[in-house]
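Q: Respectively, the protein sequence lines represent chains Z and G. Per my numbering: the first sequence = residues 1 to 310. Per my numbering: the second sequence = residues 1001 to 1367.
FYI, nobody ran anything at the bench for these hints, they're computed from the structure. Any given hint might turn out to be false.
Claimed, not checked - Covered, in the sense of this in silico footprint (three residues per stretch, anywhere, with C-beta under 8 Å from a C-beta of chain Z), are these stretches of chain G:
hint : segment
1    : 1111-1118
2    : 1159-1172
3    : 1286-1294
4    : 1325-1333
We put the beta carbon where it would ideally sit given N, CA and C, even for glycine.
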Amino acid sequence: MEASLIAAVLATAVTAGTPILFAALGEIFTERVGILNLGVEGMMLVGAVTGFIAAYITGNPWLGAAASMLAGGILASIHALLTVTLKANQVVSGLALTIFGTGLSGYLGKPYIGQPLPNPFSVKELPLLSELPIIGPVLFKQDSLVYLSFLLVLLSWIFIFYTKAGLNMRAVGENPGAADSLGVSVSKTRYFYTILGGMLAGLGGAYLSLAYAPAWMENMTAGRGWIAVALVIFATWNPLYALAGAYMFGGIDALGFRMQVLDLHIPSYFLSMMPYICTILVLIITTYRAQKKGVGAPGALGLSYDREER
Amino acid sequence: MNFPITLEKRISASPVASLTIPLISIILALATGAVFLWLAGHDPFKAYSAMFKGGFGTVYGLSETVVKAIPLMICALGISLAFRMQLWNIGAEGQLYMGAFGATWVALTIPDAPSLFLLPAMFCAGMICGGIWGVLPAIPRAYLGVNEIISTLMLNYVAILWVDYLVYGPWKDPEGFNFPLTAQFSENALLPTFGDTRIHAGILFALVIALLIHFGIKYTRWGFEIRIIGLSQNAARYAGMNIPRNIILVMLLSGAVCGLAGMAEVSGLMGRLQHGFSPGYGYTAIIVAWLSKLHPAVIIIVSILFGGLQAGGFSLQSSGVPAAIVSMLQGAILFFVLGGEILTRYRIVFKGSAKKIGGKESWKQAL
């Protein structure tokens, strides 16, 4: 393959990986405070549809992105209410969120199926940076949301590992009892980051309907929310690794598409299976490696916190 | 959060609450749905009465409800096996598709075999294919602790794509006007139906499996092991139970039962395999299993309620309400049940009155 083709595939990998990256970043925040939210797929779908509708009506994709974050945040707050205040089972609540979100997005989006978005996010080349060989066309000839995701990854990484608020947040996820005794409000922290996680998942969904494929289709996330949940494990709850993982999955997506174009006589159905099969394989390898190295999930992940049972 | 209320643990689950909460939850979920219907300019009362009529109001509606309840029952029973061991089998949808694939393969390969041989062969093929789909994620789960929620779910997409490949490709009916479906099965490959209805013998599978699970879990040594592992892995390990082996066995059975639901759909209802034949039965069945607290008899009843919701939702479509309202309502019911469940385990105490509580209550808290 010549250089320009490689660059084109890599650029598509970044675009295809960005919705997963936003969602995975959100889930990293959520799981870092000990809340497992399996509703990512549902929040992404509702984000995609509300983002599309808002952008369609106002003609401004940024308002669409804002609406998607609002919608994702509202859905996540239901999960927070159920799992933090009402101490419900996190797995079941997350599944309910996905089922509810799938239905809600289908319901809201029905009149918009097949409508093209008049004003989607478009590619904005960054001056100077886009002139760099290979890296330029791959990373800096993208749309604004991709640049936002770069910034977000860096800021989240600094926040989680190098600030006091990030330390408090991790403490709540590792040992809520200890955090509580130091005066950190476990439930407030958990609410805050669960809702933040939902906002990012909504934004990830909106990236699909506002930039990646600017239209609304039922179930257009096609399992990307679940891939994002798997990616969090792969990334060992670290935003920088999530970036690498998201682009890897984006690359698998893009490669499948390229291979279809090249017409290698592999039915497209098998190429479409690749991201799902790769997710399982990556999960197996990651879990195996994590066991050897001893890096694992936040200590209190999936457990509700009860002061009386401390 | 500084709510003016606190929660106080009950000594044992309140029996009144565990009966009334699901009912209140359904009403609240319907009320939530009504708000959405109203916002979208539909008349909620008209929509709900059309839905009720479509699901339970007529003999035909009722029979369609049962038809939709059959795969829900079988899948929910399969899922309940895995859930009992705290294994989150979210892969029922894929196992259902693979079961349908296995049964279809047999039906298309030996269409002329006598039905006394053909139907059992399809039965077995459906269970084997579903079982394999259940075991694939169980092996890494048993030996490495790989999260089964994600792996079972990912396999759903793979199974659906696999069936799509077949019905759009090599298995497509040459006389099917290019629709994504296989040729009609031979007469011998069809499960009998009851009278003029579309209700098929699959319902008997569901009832037999419910009985087998009930007695298997309650009265066999293996059932005892499953229950103990579900309650406490450490206790089970201490007692010398083989946990990895049980994980694989349970996921094999769970997948096989869900695969049987797929066999019943193609052989009893459609008489062929076709693209997108399940409106998400495998996912709805998760809700059914959870709401039924994994109790086999309750699963049968709750399945019929959810089958009615599904059938009613279909009849709503003709009046312009998207059928997606069904999964919205299902999700909402689950939310309210989950939220309400806390009332079976805790009682609500208002902070203002909490001060007055005397020694008896603080004794309770100490528990």
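Q: Evaluate each hint against the coordinates.
A: Right, here's what the structure says about each hint:
1. 1111-1118: violated (count 0)
2. 1159-1172: holds (count 6)
3. 1286-1294: holds (count 3)
4. 1325-1333: Three-residue rule met by the segment 1325-1333 of chain G, so holds; n is 8.
Hint 1 from the earlier list is the only one contradicted by this structure; the remaining hints agree with it.
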